[in-house]
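Taking the hints as your guide, dock the two standalone chains into a single complex.
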Amino acid sequence: MNIVSVENLNLTYEEKGNKNHILKDISFEVEKGEILGIVGLSGAGKTSLLRTLNLLHKPDNGKIIFEQEDITKLNEKTVIPIRKKIGVVFQHFNLFRNKNVYNNIAFPLLLEKIDKEEIKKRVEKIADEIGLTERLNAYPSQLSGGEQQRVGIARSIITNPDLILLDEPTSALDPMITKIILDLVLDISIKRGLTIITVTHDMDVVKRICDKVAYLKKGTLSFFGETHEFFASLTTKEVSEFENEFLTDFEKIKKRESDEKKFIRVVFWGANTHESVIWDTAKDMDINVNILYGKIEELKKGPFGSLILEISGKQSMNFIKNLKEKVYYLEVI
Amino acid sequence: MVEQLLKATGETFYMVFFSGFLSLLFGLPLGVLLYITSRSEGKKKIYFVLDTLVNIFRSIPFIILVLLLIPLTKVLIGTIIGSNAAIFNLTIAAIPFMARLAENSFNTLPSGIIDSARSLGTTNWQFISKVLIPETLPDQISNFSVMLINLVTYTAIAGAVGAGGLGQLAINYGYYRFQWDVVLYCVIILVLISQLIQFAGKKISTNLRK
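Protein chains in written order, with the working numbering: chain A, 1 to 333; chain B, 1001 to 1210.
Looking at chain B on its own, in the form it has when it is part of the complex (with noise of 0.2 Å):
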């Protein structure tokens, strides 16, 4: 028992680690794309688009979303079971998620912060990189931890559909075969998995707010 519970634990972070890693990777520059083409005139058609995909993608609820990319999940993976597919459907997912709360961070940049660095003659690139990221860095910490603890629940909900991890384990053992006392260690390391990314979230988040 207790080496099917660490060997879902291992799944269920391998799983959250390489999908938060590339939903930061995709959603932050996604995040950015939104701030910026929602404030320059003559890109807010482009922004339209982007603000509306967005909002389509965060409507689907995550087991409709892995079920509509079983064809491609199968062409680009090659299967649709196991955690590899399940990081593709569950980055696909937070993308969206993690690129708004960048964007709502973004928005939160006071506007004299934007006209001081305009008026030093930054370049886009400048301002994104050395002002925009940078000042808002301590909100983006916290909103990554927001998203790898959506994530651990969505790798639950994988669980259903054959990702591994402790959401199939607490499905297969407990919920099929009634072993309730499965389900309470997988709830209860799940637990353990957010409060621990709260946690550092809020520490590094915290230590970085000056």
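Here chain A stands alone, though its shape is the one from the complex (with noise of 0.2 Å):
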């Protein structure tokens, strides 16, 4: 069952009399339970499209179903209850600077008419869930960033919301606490059974916690899908911009070019990642395979690998050809 869905939405910002258009057209969905990573460069539109969804951000037009119920239509007031069902964390954490830990916590249950007691079980409760129990009295500006940022995910989910929208959740953060972060989100999303959907422009989130992609491109929706079918989608020249290892290792291959020499860029996934398809079928064949960057990751939903090969050879098309059958994806590059 879809949680999301979002038709044909058009966001325009009005800027010195200019008009800039943010998002075109862009159309998903996303289903109760999912995880799905918001992904792009920066400018792309990626935090503005996250902002729609719970209408801080009011779009053009489009619609945006929420449960059945197309929110675009509700206002400032009226979209109250429904931003009461979906849980924000943000990059910069944005708690309540003058309420301790216990306060900034508890804040969404202290905006109805929960009794005291009731409250108190239920921040202890996730304080636990979370980590947090020593920190209950401290403020803000004593935790360090992960810290602060476990306030902002007990925070997001103290109302048991439907879905939870996550804005950069861990660039702010070293890649220890990122890890830990994102094996919290991942431990909360199975055990409640949360929807997610997160911006991101770090694929190693993506590949850790996300079950689907939304890649912006300047606006636009390119690419909606499973996650190994967006890193396998992706151009040469599109690894490198979002993956800085990648890069680097590209760009001292592309030096050794020449024309006896073929490049080409192999993508595996799932069941036959880890088989040894590329020296089967060079085997009997007259040719030269040098491997220049090769990586192997485990997706949450199985192992995905990419090779940048090396092939010089009469035999380099035959082999190349042969080798297209065999695997997710094959590239020249």
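In case anyone wonders, no lab produced these hints; they're calculated from the structure.
Bear in mind that the values here come from a model prediction, so they are computed numbers and not experimental data.
Derived EDC-like pairs (lysine to aspartate or glutamate); straight-line CA-CA distance at most 16 Å: (1) Lys301(A) with Glu34(A); (2) Lys1130(B) with Glu112(A); (3) Lys254(A) with Glu331(A); (4) Lys85(A) with Glu67(A); (5) Lys207(A) with Glu298(A); (6) Lys324(A) with Asp280(A); (7) Lys218(A) with Glu241(A); (8) Lys58(A) with Glu1041(B); (9) Lys255(A) with Glu310(A); (10) Lys58(A) with Asp1115(B); (11) Lys77(A) with Glu1041(B); (12) Lys1043(B) with Glu76(A); (13) Lys84(A) with Asp1115(B); (14) Lys217(A) with Glu238(A); (15) Lys218(A) with Asp25(A); (16) Lys77(A) with Asp1115(B); (17) Lys179(A) with Glu298(A); (18) Lys326(A) with Glu275(A); (19) Lys85(A) with Glu69(A); (20) Lys300(A) with Glu226(A); (21) Lys321(A) with Glu331(A).
Quick list of simulated restraints, FRET-style, between CB atoms: (22) Ala1200(B) with Glu76(A): 38 to 44 Å; (23) Tyr13(A) with Pro1071(B): 49 to 55 Å; (24) Lys1210(B) with Glu15(A): 34 to 40 Å.
Think of the CB as a built atom: it goes at the ideal place given N, C-alpha and C, for glycine as much as any other residue.
See below:
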């Protein structure tokens, strides 16, 4: 069942008399329990898209169907009950500075007429789940980034929302804390059957937690589908835009280019990722195969490998043709 | 002499206390109104009117304002001299001042916090009472002490037109009768009062800042 469907969404900003078309005709849907990653380069409209989903930005036209209701028809007042069902976690945490951790987490409950004892019970339960029990009396300024983001997550899930929006939740954190926070998000999403939409430019986040990917390019949705399909669909140039490590290697590789040599990028997915497909194919041919770059990563739904090979020899074209049939994706660079 | 100084000090305190209280009571909500109307589409006209009124009242020199308010003071207070009439004048002068200070502090609230509050589904009223004011409280305390010190100065000016208090004592005895020692004592006490307010305001504000 779809929890959110976005249909032909358009968003423009008026800036100094100029109309900026931020989102162009975006359509996608998210099923209950899924984790969707919205990715793209800076300025592609990722955060704007996320902000329209709880109407922090009002789109110009198009529909956002949340649990069978088109929320774009609501105003700042009538959208309140919807917002209470959608938790939001921000890049810079956005905690209330003059409230301690307890009151930050309890804040959404304090807006309702809920018994103080009940609130206390629920805050303590969440704090225990997320590892904040020791810090309930601290103020945000006394917390580390990782702790602040835990508070942000606790605050967003205390009302048992149906959907969580994460806006670059880990980009202000170091890699170690990022891993811990992502594991926490994954753990919560599984335990509570939460649907999550996260904006990120970090491909590790996508690989680790996302079931599906929406890839924005200058305001248009250039890809929407399963995570492994997304990684396979990226051109070599796009991969180098997203992944630093790959970019450095790729630039070195390009310097080796010559007429006799061919470069190919090969992508493996699922069961055959760990098989020796390349050697089996190359075995009886008169060619040289040289691995210039290689990586196998565990996506949420299985292993995903990508290689860059340098091939020389008479049967190069044959090798490429045969190999293409055995791998998930192959591109001659 | 000491007796007169004590009496005048008491009157100054009385005027500053009540006009301060009333200015806060009306000035802070006016500040909230300025902040809210400046930020919501469709309420820009209301903001323009309020903003202009605040500017006008803040531009009029206090002594002129007192003169302009004479008919109104007479109707509302029954007299134009004495501490109560002065409290009315002081309050009218301080409300726009307090409102503007409050608005400026509200404007420093980071947009991220506003996003947070909106995302969590706060109503307008919940936003004001649970986010806007608590989050800017340390600044509002500082603003309040700035306004009180301003009121101390204003009481001295009001003294020139019969409000009583240290200002009037300094003018009557010191300025008109050349008793410069009285002027000195009055000034010393006024400085001490200002220092006290500043100190207390800073202390409270620092303690509240987390």
